[in-house]
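S.K.: In case you want the letters, here they are:
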Amino acid sequence: SQKIEQNSEALNIQEGKTATLTCNYTNYSPAYLQWYRQDPGRGPVFLLLIRENEKEKRKERLKVTFDTTLKQSLFHITASQPADSATYLCALDMYSGGGADGLTFGKGTHLIIQP
Amino acid sequence: DAMVIQNPRYQVTQFGKPVTLSCSQTLNHNVMYWYQQKSSQAPKLLFHYYDKDFNNEADTPDNFQSRRPNTSFCFLDIRSPGLGDAAMYLCATSRGTGGRNTEAFFGQGTRLTVV
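Protein chains in written order, with our numbering: chain A, 321 to 435; chain B, 100 to 214.
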């Protein structure tokens, strides 16, 4: 069966350090991989999208890598700040050749940046 | 300015009493999604519209129905809510071209309580 795995336990990082979150998937061949941030009681907010033919994408303090051989994406936040504390969701976009399929999400990793 | 608006933010309904959740968008996106999210779980795709084409996920219960009368509006109908349907319901939109999606924009969600 198709599966997306993220470290679902809380990840505690000291302020100023780099936080690295992992997204692994099995039995998918996604066209795109996306990362979202979700705060308690709110909808997810889009952060970054990386395509299957891209190895790395950056946006300010954020960096995403995508290894389709390993079936893994890494999400990095450099110079982390307490305001970065949130749940980060990985999402895969499956393209079936017809109309677009919906995004499929992992459970998310709860990131806590400690001052 | 809110671009994906869900109403109401909080909905309390009685067991077995039909309830409708609404979503509107100002982005003119052709793809609209409904997700169900329970505490500490991944958002679960219920169904989505690609233009006027309705796509139902295989494991979405028949109790859940959807309507999209025009590009801007989408409704989620729960015909006979059970206690297990208590969750956050998230509406999202994206621009789909050539069968592929760009990033999704989420509403704030509707928190459904069943009593």
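There may be inaccurate statements among the hints.
Stated by the list, open to error - Cβ-to-Cβ under 7 Å is the rule here; a few derived chain B residues that face chain A:
no., residue
1, Pro142
2, Leu144
3, Gly183
4, Ala186
5, Leu189
What the hints assert, rightly or not - In the EDC-like style, the derived pairs of lysine to aspartate or glutamate whose C-alpha atoms are separated by at most 16 Å in a straight line are:
no., chain 1, residue 1, chain 2, residue 2
6, A, Lys379, B, Glu202
7, B, Lys137, B, Asp150
8, B, Lys137, A, Asp359
Don't read these hints as lab results, they were simulated from the structure.
Note that CB positions come from ideal geometry on N, CA and C, so glycine has one too.
S.K.: Confirm or reject each hint.
M.R.: Checked hints:
no. : hint                : in the structure
1   : Pro142              : holds (5 Å)
2   : Leu144              : holds (4 Å)
3   : Gly183              : violated (19 Å)
4   : Ala186              : violated (13 Å)
5   : Leu189              : holds (5 Å)
6   : Lys379/A / Glu202/B : holds (15 Å)
7   : Lys137/B / Asp150/B : violated (28 Å)
8   : Lys137/B / Asp359/A : holds (14 Å)
Violated hints for the displayed structure, listed by number in ascending order: 3, 4, 7.
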